[in-house]
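K.L.:
With chain X fixed as given, assemble chain G onto it according to the hints.
There are 2 protein chains.
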Amino acid sequence: MEMPIPRPEILARKAELVERLREVLPEDAVISDPAETRAYECDALTAYKCAPLVAILPGSTKEVSEALRICHDMGVPVVPRGSGTSLAGGALPTADSVILGVARLNAVLETDYDNRFIRVQTGRTNLSVTGAVEEHGFFYAPDPSSQLACAIAGNIAMNSGGAHCLKYGVTTNNLMGVTMVLMDGTVLELGGAHLEAEGLDLLGIVCGSEGQLGVVTEATLRILRKPEGARPVLIGFDSNEVAGACVSDIIKAGVLPVAIEFMDRPCIEATEDFAKAGYPMCEALLIVEVEGSDAEIDEQLGLIEGIARRHNPVEFRQSRSPEESAAIWLGRKSAFGAMGQINDYMCLDGTIPVSQLPHVLKRIGELSEQFGLGVANVFHAGDGNMHPLILFDANKPGDLELCEDLGAEILKLCVEVGGCLTGEHGVGIEKRDLMTHQYAPEDLEAQMAVKDVFDPKWLLNPAKVFPLASSDARRVA
Amino acid sequence: MEMPIPRPEILARKAELVERLREVLPEDAVISDPAETRAYECDALTAYKCAPLVAILPGSTKEVSEALRICHDMGVPVVPRGSGTSLAGGALPTADSVILGVARLNAVLETDYDNRFIRVQTGRTNLSVTGAVEEHGFFYAPDPSSQLACAIAGNIAMNSGGAHCLKYGVTTNNLMGVTMVLMDGTVLELGGAHLEAEGLDLLGIVCGSEGQLGVVTEATLRILRKPEGARPVLIGFDSNEVAGACVSDIIKAGVLPVAIEFMDRPCIEATEDFAKAGYPMCEALLIVEVEGSDAEIDEQLGLIEGIARRHNPVEFRQSRSPEESAAIWLGRKSAFGAMGQINDYMCLDGTIPVSQLPHVLKRIGELSEQFGLGVANVFHAGDGNMHPLILFDANKPGDLELCEDLGAEILKLCVEVGGCLTGEHGVGIEKRDLMTHQYAPEDLEAQMAVKDVFDPKWLLNPAKVFPLASSDARRVA
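Note that the protein sequences, when read in sequence, are chains X and G.
If you read the first sequence in the UniProt record's numbering, its first letter stands for residue 1, the second for the next number, and so on.
If you read the second sequence in the UniProt record's numbering, its first letter stands for residue 1, the second for the next number, and so on.
Chain X on its own, in the form it takes in the complex (with noise of 0.2 Å):
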């Protein structure tokens, strides 16, 4: 993946910009050595590395404005960070820029549970913010499965969803407001702890913005009370069609699971190997989760149960306690540990209308074939948020560029059937050149034209989300 070219010019005033940094920064808040700054080299993407000039670890909002003006005044690219656990290297440095790590931004600034919301500052972990309101009954619904480390400004810059999101909606459902910091220093706030706002809905567009509009500081975020209960199912079929076709027709029938997942062969025999969760050996299993009273799951699940008949099921196991409950995750939840073990992978983020989920399977499964690599197929069935997970041998020479030759097609083929390139990884860099598959080059103008007005000299998270060729040519030197 091609990166723009280091400009001589910001590496040349390095010290300078380390000295004005460190003016309005704690000493240990500007990182410069290059044997700490190759921490920040790259995020889930690991294909992909590239030290940063140096790294930054504000406290404050406050302390962001400062920076960020700074870097605008020297004409310094700024990468900004969550917790770097984007699979589309959307926190990838350049070496010409500041790397911003919002890390030490993890504090709890206000709960309101009469209001149910909260508010926080963005570096806190996704899985924390539950983990602050769960002993007053309450949790915070989007659950991406980096959830023990992803911060919740990585989840607004990629709008990230979860398994459950079929039911609570993704980010963007469930963020009331935020505090954002322009490039140039400027602090925005936007939207708030109110049914929306009059006036543009900047809001919206700011999530899943992957930091090309602003460094989001603080966020008020939707609390919801916990379900009474929860109780899953696991159902196996012997063809991933029928198992594409059962997702269809619950979805049809208007029920509401807060989960649907899919795992096909592939993946369920290297879960096993992994993990041992005594999944039954068919050609795809489907774990399907509902919530609320016992009566109401009864009836939830015996309408499933119903469909799921109509199908011819080899396996429809219903769990009695939460042991078999916590059974039936396992195996999901190690899936991509357990792929990890046996294979390099790289993971796709498509989505697709469900009622095409049967043919996308099956032509995976025919470029699979085409192109010599295994694919394995884990992920969120009900909103059609597919995750294919592209096995490839990362010390074979030409065999990445195989695997993203692969990728490509793939995405391509979701936005053939009607669906988009990301359910909730993001561009980044690695979909970057696919966007003109989706948008006319009209909607792209559109785009980076609304991208102009907040970041008017493109120095913000570089090189990522639009095609290099148009993003490098709109930045001013």
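Treat the hints as calculated values from the structure; they're not laboratory data.
Treat the hints loosely; a few may be bogus.
Because identical chains cannot be distinguished in the list, a pair is counted as satisfied if it fits within a single copy or across any two copies.
Claimed, not checked - Computed cross-link-like contacts, PhoX-like style, restricted to lysine-lysine with a CA-CA straight-line distance of at most 20 Å:
(1) K167 with K333
(2) K167 with K226
(3) K457 with K167
(4) K226 with K252
P.N.:
Frame of chain X, contents of chain G only:
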């Protein structure tokens, strides 16, 4: 309310404008006779009237694009109009503007039950969207009071809600994609029939943009399965504060009714005189409706009854039949008509955090005394969306101005307690000068800079949303 001065150079070129519009639109789609253009002189904020220069009724996206290009070339402002039901003056023309009505854009373009969406032209009325899918057991969730008349175009412009939005969300939560024509005629496709999209979320910013960014001609809308059943309860209290506290406790308990509607004594009295729904005479009434199977309904209503009883209601009436349900809703649905029979009124639309209901209702009562104008309250209490109706006499000199001053005080109160100026009616002309109470100058500047991108000459829907001085200064001559 001050309006911009019509530009004589535009008025002078009316004949040329009409001739050019007739080249791209059918004969009967260009209305220039002042006797006929007067039909478009106001929307539902009837205190303000101004006939447009010309009215056009295009029948396709292509016709909209060609007509806008002509207006753009000639520097003529364009005011998009749905069905003209705006309560905030969102479709009020200026004397030098072209009204662009979407009434002829009313086709259903596609229905897809597998993937649960419908694609329509945006002149279609809200209720007829549900009409197009209900025989298959589906419905479109947002339900403004004006749903029989109001157009999807207006719903998108105002991000409309309705009584049932507590559970199903407002328009932005049910809108999947749009076709939008920019002022210069460029046609954009935003979003689509899939879970979110990569890049900047321009769809989110279009929803609620009040015709400031473009003319939305087609929309892809999420449709939902009709629930098995629904049942309301009517709960009476002897004070507004206690009713407000009960709403707050229901929300806090995590029960999710589809609607929690609130009426105070002035509203109950007027409604009973008018509709004779058999409501008890008390200080405050709640209508709480839940949905699902009979078992689910029983369970939810049991919880709600438990909460309500702790607040010593003077009445707790559960519907036992469809007829009783209709009777419970009859009064609420007649409330606006009932008020209109006895008084002129202005309907406000602020939102507040639910826990602030008791305090805000008390302050509204005090302000009402202070200004000497009655205020009746009927509103969506579950999501804190207030609709105070200020009663005044349009024939009494000075009463409208007094009413507007009181309205401004009430809306400022909403902002003070952490709410905002509008839940679903929009800013229009009504609240444009209050925007500075909600937003800091840099927040407003960011919104206006985004408007610059889509409509650099500021020709679309002039004199709305932003403070008049700001928007007038930005308009390119």
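K.L.:
Are the hints correct? Go through all of them and say.
P.N.:
Hint-by-hint comparison with the structure:
| no. | hint | verdict |
| --- | --- | --- |
| 1 | K167 with K333 | within (19 Å within a copy, 30 Å between copies) |
| 2 | K167 with K226 | both (13 Å within a copy, 16 Å between copies) |
| 3 | K457 with K167 | neither (40 Å within a copy, 42 Å between copies) |
| 4 | K226 with K252 | between (26 Å within a copy, 11 Å between copies) |
When the structure is compared with the earlier hints, a violation turns up for hint 3 alone.
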